[in-house]
Structures are given as C-alpha cells and as structure tokens.
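S.K.: Top line first, the protein sequences correspond to chains A and B.
Per the working numbering, residue 1 is the first one in the first sequence, and the count goes up by one each step.
Per the working numbering, residue 1 is the first one in the second sequence, and the count goes up by one each step.
Just so you know, these hints were derived from the structure itself, not from any lab.
Where a beta carbon is used, it is the ideal one built from N, C-alpha and C, also for glycine.
Among the hints, a few may not be true.
Mimicking DSSO-like on lysine-lysine, the simulated pairs with C-alpha atoms at most 30 Å apart in a straight line are [what the hints assert, rightly or not]:
| hint | chain 1 | residue 1 | chain 2 | residue 2 |
| --- | --- | --- | --- | --- |
| 1 | B | K17 | A | K146 |
| 2 | B | K17 | A | K194 |
| 3 | B | K14 | A | K3 |
| 4 | A | K21 | B | K281 |
| 5 | A | K33 | B | K281 |
| 6 | B | K46 | A | K196 |
| 7 | A | K196 | B | K14 |
| 8 | A | K229 | B | K266 |
| 9 | A | K197 | B | K46 |
| 10 | A | K194 | B | K46 |
| 11 | A | K197 | B | K14 |
| 12 | B | K17 | A | K33 |
| 13 | A | K229 | B | K281 |
| 14 | B | K14 | A | K188 |
| 15 | B | K46 | A | K188 |
| 16 | B | K48 | B | K109 |
| 17 | A | K194 | B | K14 |
| 18 | B | K14 | A | K88 |
| 19 | B | K109 | A | K188 |
| 20 | A | K88 | A | K197 |
| 21 | B | K48 | A | K197 |
| 22 | B | K17 | A | K198 |
| 23 | A | K146 | B | K48 |
| 24 | B | K48 | A | K33 |
| 25 | A | K198 | A | K3 |
| 26 | A | K197 | B | K309 |
| 27 | A | K21 | B | K266 |
| 28 | B | K14 | A | K146 |
| 29 | B | K309 | A | K33 |
| 30 | B | K17 | A | K197 |
| 31 | B | K109 | A | K194 |
| 32 | B | K48 | A | K196 |
| 33 | A | K188 | B | K309 |
| 34 | A | K225 | B | K281 |
| 35 | B | K29 | A | K188 |
| 36 | A | K194 | B | K309 |
| 37 | A | K225 | B | K266 |
Beyond 12 Å from chain B on every Cβ pair, some chain A residues (computed) [as the list claims (entries may be wrong)]:
| hint | residue |
| --- | --- |
| 38 | V28 |
| 39 | A228 |
| 40 | L243 |
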Amino acid sequence: MRKILVGIKRVVDYNVRIRVKPDNSGVVLDGVKMSVNPFDEIALEEALRIRERGEAEEIVAVSIGPDDAQQQLRTALAMGADRAILVKHDGMLEPLTVAKTLMAIVSREQPELVILGKQAIDDDNSQATQMLSALWDRPQVTCASKVEIKGNTLSVVREVDAGLETLEVDLPAVISADLRLNEPRYVKLPDIMKAKKKPLDVVEFASLNVATPGQLTATHYEPPKARAKGVMVKDVAELISALKNKGLV
Amino acid sequence: MNFGLTDEQSMIVKATKDFVENELYPYEKEVEETAFLRPELHRELKQKAIDAGLYAANMPVEVGGAGLDPVAWILYEKELGKAHYALHYNCVGRPSNILLACEGEQREKYLFPSIRGERVDCLALTEPSAGSDVRGMKTTAILQGDEFVINGTKHFISHADHADFVILFAASGEEESPRGKKKLITALLVDMGTPGFEVRPGYKNVSHRGYNNCILEFNDCRVPKSQMLGELHKGFEVANTWLSATRLQVAATCLGRAERALDLAKQWSVDRVQFGQQIGKFQGVSFKLADMALELRAAELLTLEAAWKLGQGTATDSDMAMAKLKATEMLAMVADEALQIHGGMGLMSDLPLERIWRDARIERIWDGTSEVQRHIISRSLLRPLGG
Ligand SMILES: Cc1cc2nc3c(=O)[nH]c(=O)nc-3n(C[C@H](O)[C@H](O)[C@H](O)COP(=O)(O)OP(=O)(O)OC[C@H]3O[C@@H](n4cnc5c(N)ncnc54)[C@H](O)[C@@H]3O)c2cc1C
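Here chain B stands alone, though its shape is the one from the complex:
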C-alpha cells in the first residue's frame, strides 16, 4: 500500500492551487457581497481556466480532457473546493461525467463543446415532490412517434441560469414489480430555448451566494427521440454508471474548504492573544485543533481510498456514501469549530469563515442527504445477511 502522491499528482495539486489562489481568491469578496458573478469576470476567468487546462480536466484525454485518474481528480477537486463555489464551479467547469454516455452526433453537439467550455450542462432530477425519493418524480417524457413530449416541473436545479442545455430525467412509463408499479425513467438532453421549456429563478439560499438554483418548467415540450441519453427507460442505469462519482466530488470539495478553515484557525490560534498568551496555548482551543485535523485526515483518507477503488473498478455504492457522509459532516464540524476559535470575528464577513460555515450546510443535503447515505451504507451491511 502506498499513500504517497506521485510526481504528477503533486504537480496537479500545485497547478490547481496556484490558479485558485491567484485567480479566484481575489474575487471571492466581490461575488459574495453582490451574490453575483459578473458576466465579464466569468468570461475572463473561464478563459484563463481553459488556457491552464483546468477546465473539464475530469474528462478523459480521448475526448479533450486532462485524463486525470480518479485519485488525481479528487486532489484537483479538493484544491478547487477551497474557493468560492460560484467562482470555482462556474469558471472552472467540470461537465457532468454522464455526458460520456453521449453517442454519435450527441458527442459533437453536447460532449465536445462542453469540454471546450463552449456549452454548459446542468442536471435535473429533483422535483418539488420528489427529492430523496427520486423515482417518485412526476415529470413525464412520453414517446409519441419520433418525439418525446415532456411535462412537469423540476426545482433546485443548480446553475441552470448559466446552462445551455439540461440533462433531464423524466418518467417515460411504468412496469409491474413485486412491490407494485414502478416508474421507468429516461434521460434526455434538452436545449434551453426549446419551445415549451422555461427556466425560472429558484429560491434564495443560505449557502453559495452567486451560485443559483432554478426551477424548470416543461409544458408539452417536444424533443426528437435522438435527444435520448442512453436507452429508453434506462435513465437510472445511465445515472448509476456515471453519477455515483459526483459524491466523491462533493466529498473532495469539502476537504478543501475544511483545510482552508483549519489553516485560518491555526493561524488565529497563534496570532490571537488573551490573558497574556496565544489562545492556542489554552487546551480548550488546542484540543479543538487536534480534533479538527484528525477528522479532516480521516475524511481525506476515506475519500482517497474510494477514489483509488474507483480507479481499480472496485468501488461500491457504500464506499462513495461513506466518503460523502464523512467529508460533509467533517466540514460542518471543522467550519463550526474554526469559527468558534475566532470568537466574534469568525462571524464577520471580513474573514471567509462565516461563508465557509454557511456554505457547509448544503453539503449534507444535496447529492443525497446524510440520512440517505447512511441508508446506503447500512443496506450494504445487512443485505448480504438477508436483511
């Protein structure tokens, strides 16, 4: 077992870190205060990310990405995750892996332009009445002749306001199963501007200012059959093949932000003097730091192990769930304790901590809530025993 980084991996970390610190950090305050990413700034930073080969680096070399192996990809995500979400996600885009399921003309129309940064994807599963219970979705896409007719509403759809098309999941039929009727789901690529498809602003959010969620409305929206991603009724198969790794992306970005919060807390612990000594000399503070570092390390090892297994082709759903669960809960703890160590100053927007603390909240909810991750883990424990 080798826990060291290869030369390439160390270089990837450095290259990403340099970019994040020099190009993204300087704009964090502006984006946070205005809750807005200026289009000119967006364009400029995106171009720089493309020039640095950071854009879409998650994608294989054959299709124009950097071809990072899963461990290198996680290290890259960790560094990006240190920055303001609206900046790193919009400017250093990582098109959804699911686009690798594109075939034939879809590759020219969706996959390649997304990797070049010319088109942006968003992904829509969640609906007002179907969150954790994804299969309960009410949006339908019914095949009529050579066209799908789409009806329904999606909500909480991230960066749909910046996107050119949506990777949509909709119910395309039903089948009988031992546990009653079961919806069949199909994945579709739907361009913004398609008649019958409207994107509306979503809700104001305590996390991720400047990175918006939207509501998507479909009213008799028609798209040709060729817009289908994967096979008819096999939307969840496509999703399971390509999307489970996005939970590792969530985990990795949490590691980055936790490291940043810990760094701030360490520095404050030696800089801040009370009762005539550095506050880090008080056990009440220093033990917090020890626990934060410990939790961070544990989450990092779990995440890297899951990534390594992904590379070996042996990662299970439970591995991804454990990494996501641990990293997101660790970030909540580390961000909160880092803020506590800063005292009142921690709550002030002069430091990035209160933002990290607020942003941390979403991580235990999206991409499967903590409860859902625990459900996945426990199921994997009990199923083999007939549970």
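Next up, chain A with everything else stripped away, as it sits in the complex:
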C-alpha cells in the first residue's frame, strides 16, 4: 500500500477536569492543556505498525482545527508520521463538515487506507468514519481491535456485544480505531527534535470549497449534576435491602 491517511484531532487533555464557561456558551479552553485525541493516537500507532511491517510506504496525518492544532500534528510527526496537513478552521465543526473536509483531502491524497479514532473525547460524536465512507463510496469498519492486511483486502476484528466479529473489506477503505487496537508508543526524544524538519502544510478551510451544511448549532452548555453523596453499607444483606427500599431490585 502506498499511503495511509490518519486523522488527528486537537482535544482537551483527558486529565483535565472540564469546566463550563460561566455564560454557558462552551467549555473553558483558555490555558487548558490540549492533546491529541487518544483514539487518534491509537489510529496513528496502527498506521506506524503497518508501515514498519513494510505494508505501507507513507503516513500522512491530517487535522482540521485552529492554528494551534499544529502542536498535535507535530506530535504525530514525532511519533512517526511522514508529513502533516492542517486544514485551518476556527470555531465549531459539525460531523458532516469534518467528513466532507476529510473527503476533500482524500481526493487530493488518494490514500488506500484512512484510519480515524472511533470518536473524539471532546464531543463524542463518533460519525466521521461512517460519513466519510458514504461520501467516498468505499467500505468502512468501525471500532477496530485488530487489523491485518492481506493483499488488497483488509481483515478487521471488532469487539461487539456478542463477542468478536471479523470483517473483510476491499481497499481503499476507512476504519476507526478502538481502545484495544494497540498501545501507542512513547514519543522518542530525538524524534521530537527531528519532527521540526518534517513537512507540515497548512491549507485554508475556505480553499477546499467544502459546502458547510450548518445543520447544528450549539445553544447551551451545562455541567453534569454533581453526584449525590453515597451511603456506606455494612454487608450484602444491607445492600440488598437498601436497593429494595429504593425499588431498584
């Protein structure tokens, strides 16, 4: 395979305790630590392993987001991506816009495989893979937990409620990475320094002529209700009776 495209989203770091802005217009991002979406790291790790097995030649990392998303793309380059593309876009992005923008990049780059995270940990939409598959008119497999390349087909194992499901799809295809697909490597220090020299293209969103559907508007953000304090029970018998009292069993 010649080329793998990997999606890299800039999100609030998973360790940060999210706070909603006082005017409920969004979450606080000022001074907040931002990272690569963890599922995207897994997607990139899988691409790296495929390349290391000699089954792919080039890995291109793509992000759609503000100028600062270059930081996350640099991380992707330090992990081992060969080059990166930032589609510069400020403000809210709805899933269909993301998928259409990725489609525009796919048309340019003509990858044989696109690997995305199964969802982003900020908005949890989990739609980009499916929509891209439809727009591209190529097969999709979501929530991959094992990926094997067999010539022109891809064998993918996914964890489903009933157990493990194995799907075979023809390439080109788009897949999304689940948590147990792999454990991303540590970024190596010398590679961080080398990443500076790898190409990172910045493309203006407007230049891609992606029609923005504008189907979604965010009206109001609210923090989840604080959990009520629990009660300690002595033993199982007391637990059961407490649950019975609440009508839960």
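Based on the hints, put chain B with the ligand in the right spot on chain A.
M.R.: Relative to chain A, chain B with the ligand alone:
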C-alpha cells in the same frame, strides 16, 4: 521576551512525564522499602529508557544524544526529578557532560558507550578532608614517565557501585601563587578493576534510598597518560567548562519534586475534611499553598532563565548558583509544608511525601552547599567593586 514553551519543548515535557509516571512511579515503593534497585528491574527500565530516547538525552545529536537545548534539557530534568532518585538516575542515565572533553580514542572508549548506556560514569572530587574546599584534595596523581600513579581516598561518590569507570580529580603538582602554594589538579578516566583501585560501600544516608554513595581507594594505582581528560594540571578548567551546568540539573530535579509535593498538598486540601469543611478552606492551610506555589514559580523562573542564558552563552557562575540555591531551599520549604498540610499522614510511608521530605535534605549540600552558593553570588556582587 517570550516565556512560552515551544511545541518541541511541550512534547519533550509530555514524553518524559509519560515515561516517568508509567514506568518509574510503579516501582518507587519497592525501591524505597528495600533500598535496593533489583538488577533485572534496572536492566529492564534502562532498556525502556534507551528505546524511548530518554537515556543520555542531555548529550548533543552529533554524539548520539537527543540534542536538547538547555531550556528543553531543564524541562526534561524537572520531569525526571519527580521520580524516585534511584530509579530516574540509574535507569534514565545522564552521563556527565564532562565526557564531551574526551578526545580521540577516549570518545570510543568512554563517551559513546556512555551515551549508548553500555558504560556508566561516576565523578569523584570529594574526599574525607576536602569537601567544599575541593582544592584541598589529598589524592595525588603523579606523572611518572608515561603513567600516572594515583594514591588517596575519595568518599561520598554517588553510584560508583553501578559505574564502570570514574572521572577522577587528583592533585598532579603544585605551583606558587600570590597566596602561597596552590595545588594543580588533573582529571583522569580510571576503569573499575584497575589494579590498585578499590570501590567500597559508603555511608547509610537519610536521603535517596537505593541510590548509594561509595568510598574509592587508590593505592599505587597506575594508569597510562592517555587516560587524562583534558590537559595536564588543567582538571579544574575542564570541570568549570562542563560541570557548572550540573547545578542547574540539581535545581531542575528539585522543581519537579516540589511540584509533585504541591500537587499532593493541593489534593489533600480539598479531600481532607475537618470541622465540617475542606481544610483548604482554612486560611492557615490555603496561605501555605499560595506561598508554596509562589516559591516554586520563582525558583522555576530563575532556573529557566539560567538555562536560557546558558543557551545564549551568557550564563555566569552566579546565575547557576542562584538557581541551585533558590530551587533547593524552595524544595525544603515546599516539602515541609506539604507534609504539614497532610498532618500525621504526611509522615507515613504510604504516601511519597515523607520520602520527598527526606530526599530534599541532600539538595542543599551536594554540588556545592547553600553557603558556598551564597559565597559565589556575593563574590560576584562585590568583586567588581574591588571587594
Ligand atoms: C549522598 C552524597 C552524594 C555525593 N555525591 C558526590 C559525588 O558523586 N562526587 C563528589 O565528588 N562528591 C559528592 N558528594 C559530596 C558533596 O558535593 C559534598 O558533600 C559537598 O561539596 C560538601 O562537602 P562536605 O560534605 O565535605 O562539607 P564541608 O565542606 O565540610 O562543609 C561543612 C559546612 O561548612 C560550610 N562551609 C564550608 N566552607 C565554607 C565557606 N567557605 N563559607 C561558608 N561556609 C562554609 C558548608 O557550607 C557546610 O555547612 C556527595 C555528597 C553526598 C552527601
């Protein structure tokens, strides 16, 4: 003036932090309780550090290091410094910068293998009767023909039990100076196992369990002249060129541990409830936190500034002294207050605090005591005025 971190610097912090938290933290309790770093564990973690490119990252790219600039290096040291000393120093080794003074075959024999993690250095200046007064050293290395003959005792030599060779400083002669006779010092590379050279266990130490200091004995130990690092009688010149930055390393590791202690104290202040409220709501506790954060920030800025100046080639001895002095004294205060905020629990080995508190004590002593740093700073103030 730009106080922000570059993308590379942020990534270096994250990469180091991830390694420290995932690979080193899990073994802290074991090493502390047994005061022993198991050889298998040592080997395993060292290999992981090498694979992650963290080992010897202080060294330039040309010789196989990561080529961190001084600011990035300090940020890396700060993250490493959060972990148990025996783990971060032995497993994520940072060979002494002074090895960059190696020439010719010395590079193949000492510099490159140290960077690859195949050989480990230790450095010996201090003697039982020569601590702060380094030049008062009694160990001699006298050139006889093509060989140095070494005699004397060094003590407090860190991790010599793990080392393959020592960077030794010894008196090689004397010269007349306006203030009387002055010893001339030469630096030498001496392999462990050289006849006449013995390493003995050192003293038990309140700080840094599992990270040992040793006593080195030299009795008519002979090494060829080619083992000389730098020029004859120019040992202190070599040391001054390469070693002053190690005080920034001390400062940076203190910043890391102080940050960890402060994080623990912050968390405890919201978790611990007394008199019906979080203890952090009592001004007596919250003002402590404010002062700790303030001191930490001040020490961090001083250290980063000194590192930045090092990169610009404008750092003075006094800059390094200020950073080392402030960071080590800050750590003493922050560790002590963090422990106080934890009450009795702070003293229990269930939490890493009592260790951080004990380990903090050494920082004001080694690499030049606080008094010596103050002496360096005050000298730089008064000398220009003829003082
Ligand atoms: C665990 C440990 C590991 C070490 N590792 C190494 C190592 O790897 N290699 C190495 O070479 N050394 C090492 N050292 C030695 C360390 O650098 C010395 O302990 C330090 O330089 C102080 O020397 P000293 O202990 O002999 O104290 P002294 O010099 O005897 O000082 C005693 C007291 O007198 C004060 N004092 C001395 N001179 C002055 C002055 N002019 N003005 C004001 N006050 C003064 C000091 O500040 C101190 O308070 C280590 C020490 C320890 C404890």
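S.K.: Next step is simple, just say for each hint if it's right about the structure.
M.R.: So, going through the hints one by one against the coordinates:
1. B:K17 <-> A:K146: 29 Å, holds
2. B:K17 <-> A:K194: 20 Å, holds
3. B:K14 <-> A:K3: 28 Å, holds
4. A:K21 <-> B:K281: 24 Å, holds
5. A:K33 <-> B:K281: The given pair, whose Cα atoms are some 26 Å apart, holds under the 30 Å limit.
6. B:K46 <-> A:K196: 27 Å, holds
7. A:K196 <-> B:K14: 16 Å, holds
8. A:K229 <-> B:K266: This hinted pair holds, its Cα atoms lying about 22 Å apart.
9. A:K197 <-> B:K46: 29 Å, holds
10. A:K194 <-> B:K46: 23 Å, holds
11. A:K197 <-> B:K14: Status holds; Cα separation ~20 Å.
12. B:K17 <-> A:K33: 14 Å, holds
13. A:K229 <-> B:K281: 20 Å, holds
14. B:K14 <-> A:K188: 11 Å, holds
15. B:K46 <-> A:K188: Answer holds: K46 of chain B to K188 of chain A is near 14 Å, not above 30 Å.
16. B:K48 <-> B:K109: With a Cα-Cα distance of about 23 Å, the restraint between K48 of chain B and K109 of chain B holds, given a limit of 30 Å.
17. A:K194 <-> B:K14: Measuring from Cα to Cα gives roughly 16 Å; hence the hint holds.
18. B:K14 <-> A:K88: Distance ~25 Å between K14 of chain B and K88 of chain A Cα, so the pair holds.
19. B:K109 <-> A:K188: 26 Å, holds
20. A:K88 <-> A:K197: Within the cut-off at roughly 20 Å; holds.
21. B:K48 <-> A:K197: 26 Å, holds
22. B:K17 <-> A:K198: 24 Å, holds
23. A:K146 <-> B:K48: 25 Å, holds
24. B:K48 <-> A:K33: 26 Å, holds
25. A:K198 <-> A:K3: Within the cut-off at roughly 17 Å; holds.
26. A:K197 <-> B:K309: Cα-Cα ~25 Å, so holds.
27. A:K21 <-> B:K266: Holds. K21 of chain A to K266 of chain B sits at ~23 Å (cutoff 30 Å).
28. B:K14 <-> A:K146: 27 Å, holds
29. B:K309 <-> A:K33: Given pair K309 of chain B, K33 of chain A holds - Cα atoms ~27 Å apart, limit 30 Å.
30. B:K17 <-> A:K197: 24 Å, holds
31. B:K109 <-> A:K194: The hint holds at about 28 Å.
32. B:K48 <-> A:K196: Holds, at roughly 24 Å.
33. A:K188 <-> B:K309: Given that 30 Å is the threshold and the Cα spacing comes to 26 Å, the pair holds.
34. A:K225 <-> B:K281: 23 Å, holds
35. B:K29 <-> A:K188: 27 Å, holds
36. A:K194 <-> B:K309: Within the cut-off at roughly 24 Å; holds.
37. A:K225 <-> B:K266: Holds, because 24 Å separates the two Cα atoms, which is no more than 30 Å.
38. V28: 18 Å, holds
39. A228: 17 Å, holds
40. L243: Holds, since 28 Å exceeds 12 Å.
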